[in-house]
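Q: Chains as they are written, first to last, in UniProt numbering: chain V, 1 to 532; chain U, 1 to 324; chain S, 1 to 304.
Quick caveat, the hints were computed from the structure, so don't treat them as lab data.
It is possible that part of the hints are untrue.
Below, simulated PhoX-like cross-link-like pairs (lysine-lysine); rule was C-alpha separation at most 25 Å, straight line [to be verified]:
1) S:110 with U:125
2) U:317 with S:110
3) V:250 with V:467
From the structure, some residues in chain V lie toward chain U, with a derived Cβ separation under 10 Å [claimed, not checked]:
4) 103
5) 110
6) 214
7) 285
8) 477
9) 514
10) 517
11) 524
Even glycine gets a Cβ: it sits at the ideal position worked out from N, Cα and C.
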Amino acid sequence: MKKYILSSLLLSGLILTACNNNNNAATTDENGDEIVQLTGIFLAHPLTKDINDMQWLEDAEQAAGVDVNWETVTADWDQQIGPMLSAGDIPDIIVGPNAVTDAQHQQFKGMFVDFNQYLDQMPNVSALLGEKPVARDMATTLDGEIFGLSKYQRFWPESATKQYINQTWLDNLGLEVPTTWDELHEVLTAFRDNDANGSGDANDEIPFDYAPVGTGGFGFFHPTVLLASTGLTPVNGGGQGYFLEDGEVKNFFVDERYREFMVFMNSLYADQLLNPEVFTQEYVAFQSLGRGDGEYATVGYTYGWEAEDRFGTELADQYVSMPPLRVSDDYDADPSWSFDHYVLNYNTNMVQVSANTENIDAALRFTDQLYDEVTSMQILFGDLGTNIEDHGDGSYSVLPPEEETMDPGTWKWTSTWADNGPMYIRDDLDLELGVDMQATLEQLEPLEDTIDNIDRDNDVLPVSFLKYTTDDSNILSVNNAEIMNTAMTYFGQWVTEGGVEAQWDSYVEMMENSGLPENIEIMQEAYEQLGE
Amino acid sequence: MNLAKNETKSAKKTKNKTTDSKTQNGFLKEIRKNYQLWLMILPGFLVILIFNYIPMYGLQLAFRRFVPTEGITGGEFVGMQYFNQFFDSRMFSTLMINTIRISATTMVVGFIAPVLLALLINQIKHKRAKSIMQTTVYLPHFISIVVMVGMLTVFLSPQSGILNHFADMLGFPRRDFLGSTRFFVPTYVISEIWQRAGWNSIIYLAALSNVDPQLYESARMDGANRWQLVRHVEIPSLVPTMIILFILNMGGILNAGFEKIFLMQNPLNLPVAEVISTYVYKIGIIQNQFSYATAIGLFNTLINFGFLLLANYISKKVAKTSLF
Amino acid sequence: MMTAIKKYFSKTSTADILFDFLVAVLSLMVFIIIAYPIYFVIIASVSDSRLVTRGLVTLFPRGFSLYGYEQIFQDTRIWIGYMNTMIYTIGGTFINLLVTLPAAYALSRKDMRGRNFLTFFFAFTMFFNGGIIPTYLLFRDLGLIDSRWVFVIPTALNVFNLIIARTFFEHSIPNSLYEAAELDGCTHFQFFLKVALPLSKALISVIGLYYLVQHWNNFFTGLIFIRDYSKQPLQIVLRDILISNQAFQGGAGAGGGDIGGYAQQYAEQIKYAVIIVSTLPILAVYPFLQKYFEKGVMIGSIKG
Numbered sequence: 001m002k003k004y005i006l007s008s009l010l011l012s013g014l015i016l017t018a019c020n021n022n023n024n025a026a027t028t029d030e031n032g033d034e035i036v037q038l039t040g041i042f043l044a045h046p047l048t049k050d051i052n053d054m055q056w057l058e059d060a061e062q063a064a065g066v067d068v069n070w071e072t073v074t075a076d077w078d079q080q081i082g083p084m085l086s087a088g089d090i091p092d093i094i095v096g097p098n099a100v101t102d103a104q105h106q107q108f109k110g111m112f113v114d115f116n117q118y119l120d121q122m123p124n125v126s127a128l129l130g131e132k133p134v135a136r137d138m139a140t141t142l143d144g145e146i147f148g149l150s151k152y153q154r155f156w157p158e159s160a161t162k163q164y165i166n167q168t169w170l171d172n173l174g175l176e177v178p179t180t181w182d183e184l185h186e187v188l189t190a191f192r193d194n195d196a197n198g199s200g201d202a203n204d205e206i207p208f209d210y211a212p213v214g215t216g217g218f219g220f221f222h223p224t225v226l227l228a229s230t231g232l233t234p235v236n237g238g239g240q241g242y243f244l245e246d247g248e249v250k251n252f253f254v255d256e257r258y259r260e261f262m263v264f265m266n267s268l269y270a271d272q273l274l275n276p277e278v279f280t281q282e283y284v285a286f287q288s289l290g291r292g293d294g295e296y297a298t299v300g301y302t303y304g305w306e307a308e309d310r311f312g313t314e315l316a317d318q319y320v321s322m323p324p325l326r327v328s329d330d331y332d333a334d335p336s337w338s339f340d341h342y343v344l345n346y347n348t349n350m351v352q353v354s355a356n357t358e359n360i361d362a363a364l365r366f367t368d369q370l371y372d373e374v375t376s377m378q379i380l381f382g383d384l385g386t387n388i389e390d391h392g393d394g395s396y397s398v399l400p401p402e403e404e405t406m407d408p409g410t411w412k413w414t415s416t417w418a419d420n421g422p423m424y425i426r427d428d429l430d431l432e433l434g435v436d437m438q439a440t441l442e443q444l445e446p447l448e449d450t451i452d453n454i455d456r457d458n459d460v461l462p463v464s465f466l467k468y469t470t471d472d473s474n475i476l477s478v479n480n481a482e483i484m485n486t487a488m489t490y491f492g493q494w495v496t497e498g499g500v501e502a503q504w505d506s507y508v509e510m511m512e513n514s515g516l517p518e519n520i521e522i523m524q525e526a527y528e529q530l531g532e
Numbered sequence: 001m002n003l004a005k006n007e008t009k010s011a012k013k014t015k016n017k018t019t020d021s022k023t024q025n026g027f028l029k030e031i032r033k034n035y036q037l038w039l040m041i042l043p044g045f046l047v048i049l050i051f052n053y054i055p056m057y058g059l060q061l062a063f064r065r066f067v068p069t070e071g072i073t074g075g076e077f078v079g080m081q082y083f084n085q086f087f088d089s090r091m092f093s094t095l096m097i098n099t100i101r102i103s104a105t106t107m108v109v110g111f112i113a114p115v116l117l118a119l120l121i122n123q124i125k126h127k128r129a130k131s132i133m134q135t136t137v138y139l140p141h142f143i144s145i146v147v148m149v150g151m152l153t154v155f156l157s158p159q160s161g162i163l164n165h166f167a168d169m170l171g172f173p174r175r176d177f178l179g180s181t182r183f184f185v186p187t188y189v190i191s192e193i194w195q196r197a198g199w200n201s202i203i204y205l206a207a208l209s210n211v212d213p214q215l216y217e218s219a220r221m222d223g224a225n226r227w228q229l230v231r232h233v234e235i236p237s238l239v240p241t242m243i244i245l246f247i248l249n250m251g252g253i254l255n256a257g258f259e260k261i262f263l264m265q266n267p268l269n270l271p272v273a274e275v276i277s278t279y280v281y282k283i284g285i286i287q288n289q290f291s292y293a294t295a296i297g298l299f300n301t302l303i304n305f306g307f308l309l310l311a312n313y314i315s316k317k318v319a320k321t322s323l324f
Numbered sequence: 001m002m003t004a005i006k007k008y009f010s011k012t013s014t015a016d017i018l019f020d021f022l023v024a025v026l027s028l029m030v031f032i033i034i035a036y037p038i039y040f041v042i043i044a045s046v047s048d049s050r051l052v053t054r055g056l057v058t059l060f061p062r063g064f065s066l067y068g069y070e071q072i073f074q075d076t077r078i079w080i081g082y083m084n085t086m087i088y089t090i091g092g093t094f095i096n097l098l099v100t101l102p103a104a105y106a107l108s109r110k111d112m113r114g115r116n117f118l119t120f121f122f123a124f125t126m127f128f129n130g131g132i133i134p135t136y137l138l139f140r141d142l143g144l145i146d147s148r149w150v151f152v153i154p155t156a157l158n159v160f161n162l163i164i165a166r167t168f169f170e171h172s173i174p175n176s177l178y179e180a181a182e183l184d185g186c187t188h189f190q191f192f193l194k195v196a197l198p199l200s201k202a203l204i205s206v207i208g209l210y211y212l213v214q215h216w217n218n219f220f221t222g223l224i225f226i227r228d229y230s231k232q233p234l235q236i237v238l239r240d241i242l243i244s245n246q247a248f249q250g251g252a253g254a255g256g257g258d259i260g261g262y263a264q265q266y267a268e269q270i271k272y273a274v275i276i277v278s279t280l281p282i283l284a285v286y287p288f289l290q291k292y293f294e295k296g297v298m299i300g301s302i303k304g
């Protein structure tokens, strides 16, 4: 008898738990409205706290009548997504910057919802796509579908790279901020020869340093901004060399102006004005050199995002941000600068919804909620109250970090989805930014005239929203691997050993044999299609 | 052949059965006779069959255009297209030469070092010293590749690196080991050996510990000195393991370590540092070009396997030892 | 002490003295070359990262801080990771030995027909594999995705270890021993359990160690096949901690803003501290195994 009771108790316990599990899918909120259970993956920045602790997210889910069971991924997503897609093993909603690439959307057509069919249910998303043509272009495939939604975060600068020179050193040596390549050369020589930092040692100055250049191309904080002095406009720091000039796609690696740039870089290296370890150092070493030894600065001229970030609080005051250099006084072209506006303010494939989601309407409701004006602001900077102050009159300001030791950038990344989240920050939103953003925008000022002069329609290659067929994108990447191998090899060789003049013609021929003309043709076509 | 010889030697009773087993149902008879051996091998056999052989149908991706919605076997058959795409690449010969240069050097030097190290450690008489030495040499194996490369950049820095300080003191010129085509391969290989030799010597130490003490005794009685003991007792006892490991290593002729090479690459050493695996990675295979990736992987495998078979054949002829 | 030295010199030939001297010098050199970088890892794990990357930390820690270790141990996930890894490592290695040793023994018996074919069957998979997608599909169909079994079952047999073990059995168990046993009517099971295994302690230690470390370092399995964080092994947890601290160094490229001061100064420490945190437990196992390498098993005496 006892046994019987015991086992029936156990059994009912089992049934209870089993039923509980089943009931989960159909819980209701206090108003009796059904709450829909969804599953989601979010590609978090590694610093981001547990996303279940984010109040705005809870609010957004509640507003949409859903409860999302989130899994966060911080690393190696590119290795995880392949098998998941191939096995059809995906959650209802995937959120993250370019979480599913255009190429994957092409290959796995039918796996994700085409948002185009549902835009009438999504007022916020419709607003973004309607008011920001760039966001629409980025999201739309060649066949007119929208599988992944884009974002717009408005406040970020037109360029990530700013150039800094040590004003204290200039003052110590009685020099002016250089305005041309030649003047830069002279100033750097003075840095090399004198005890510019006043440490008593004339040899502890590194005149010029830039971020380590990989073998895949150029990026932020690279000397390609000097190349821009010749009048061409690199995109996102240079990438694989493709740029636009008068509506024509070109590649600077085979441009005469790049050749001049190489001659100049070699003259700097040969005169020992460049950090001798500029090719081999790691990024950490680059960062740590910029901070000097706390008392004396080590680097004279370099690039960075923001002075305090680059040089540390003690030394940041010594540096000034400076306008683009001209090649020389008699060089007729106006200098340009790296144009990164699109990549910093827009991104695509931020949200995708599985076509197999049981309750598509609920998933879409939640997705649209993410693009709500106030939700978007909180996605970017954090919760109202802790991270953002609501002044009650429709204006807001970003609050400083709670912990004093923390900087605003880290505060943002820790508190919320930040740049990794989807959002539509309205242009008329009245929000005062934090000190870090204010500083980086301030330090952009010397560059602003130049950047404003750039013809965005005809001289900026919109790399991030050119769309290709699967075949074309395969051709591009296979060719680019070969092209970059040659280009970066010669870049290293010409800077350190020179020889660009003698080898130029055979180099250009090699680049062309690697499929460069073919790639340019494909990109030109994609660019023109965009205009239509 | 080996088999028949052994049968006669070890199991005279079953001699006539051996001839029997050449008939049709020989396999069944073999199983009946040695069912215990077959039972012992069964779990391992099943594991390999299920987890390694079943997924092998995926190899046909190399010959098909992968269309995810139609699955691995559904894509259009394109024959050798992806192989040719790789062979026709202007980079093909450079990649092959670089890959083989790095892995062959690593293989040869990396094969000898653990043997020497094991022999050296085995000579240490002092028990504590021996045990400290053993524990130390196998530690580098646990250093992650990221840290390994980080340490290389610190130690080898032309300005501040400890190695160049030494070179300077001894009157040698300072070298940029990581930023030159000349020093890339030696740097890679030596650091690789530094990291793996100790770990790889463990198997040889185990083999040395199993040397029959009688052999030592009789050699001693013949008046052999320590050096002769090493040559005539210890080295011969390592040979079987060495041969097997050599054959296995030969099967890795194209396996240059991806992550380490990738992290060590920079524009200055790129002409010698671009190998098949890093190049494939740069094409962006991981995201979407499954077929191309599979084709290159298969090419790699075939070359590796070819070398393994070759080494196995030579070893069978010359040393009478082989994998199969 | 003195007598021992005297005894050494009187009883040892000149050639052997020279030999011992050479061994001592070489050992010392090798020891320094290997030990210094290890020592460097230790001091780098408690030094100011900025000084480390600039080559200013060589013999002693500078700018001492335990930031790296604090970051690792303040993360509660690490204990779950340790526990999971222990389970996978111990359970996995046990299964490995259970599968590998009998198979290796069987393959080593020259009276087993088809052993060459079988070895080929095994070795083939060291080279050819179907790739990640079919493997994922198979695991999904077998219910191994997000299951703890995925850490132990698919890798129950490592072919390299199998071949090493087979070679060892072939060359270290004298044939005469087996002949004698067979005359006594000993079956393969009995011979394997009562004779082969006890004679193979060194081998079992080596193979066991290989498997142990393979499980200990495995992070790919967790990465691809496990979703539920409570099942993730230590390596995944450590990797996450490492990456979140590397984010400090990402600079503005990572999206604007970067940490100043303290954290950046010490974030690099984590790289080094992680090595120590993940290696120490393995280091603790080694001495237990090491004693089996110390001295040969007395095959001769058994034979006699």
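Q: Within 25 Å, alpha carbon to alpha carbon, are residue 250 (chain V) and residue 467 (chain V)?
A: Holds, at about 17 Å.
Q: Take the shortest C-beta to C-beta distance between residue 285 (chain V) and chain U; is it under 10 Å?
A: For residue 285 (chain V), the interface hint holds, since the closest Cβ of chain U sits about 7 Å away, which is under 10 Å.
Q: Keeping to a limit of 25 Å between CA atoms, is the pair of residue 317 (chain U) and residue 110 (chain S) held or broken?
A: Cα-Cα ~18 Å, so holds.
Q: Double-check residue 110 (chain V) for me: the hint is only fine if its C-beta lies closer than 10 Å to a C-beta in chain U.
A: 6 Å, holds
Q: Holds or violated: residue 110 (chain S) with residue 125 (chain U), Cα cutoff 25 Å?
A: Roughly 37 Å separates the two Cα atoms, so the pair is violated.
Q: Does residue 524 (chain V) hold up as a contact with chain U if the rule is Cβ-Cβ below 10 Å?
A: 21 Å, violated
Q: Would you check whether residue 477 (chain V) satisfies its interface hint, that is, whether its CB is within less than 10 Å of any CB in chain U?
A: Result: holds, 4 Å to nearest chain U Cβ.
Q: Once the shortest beta carbon distance from residue 103 (chain V) to chain U is found, is it less than 10 Å?
A: 4 Å, holds
Q: Can residue 214 (chain V) be said to touch chain U, with a Cβ gap under 10 Å?
A: Since chain U brings a Cβ to about 8 Å from residue 214 (chain V), closer than 10 Å, the hint holds.
Q: Residue 514 (chain V) was flagged as interface toward chain U. Is the shortest Cβ-Cβ separation under 10 Å?
A: With Cβ-Cβ at 6 Å, under 10 Å, it holds.
Q: Taking 10 Å as the limit, does the beta-carbon of residue 517 (chain V) come near enough to a beta-carbon in chain U?
A: 14 Å, violated
Hint check: violations occur at hints 1, 10 and 11; the rest are consistent with the structure.
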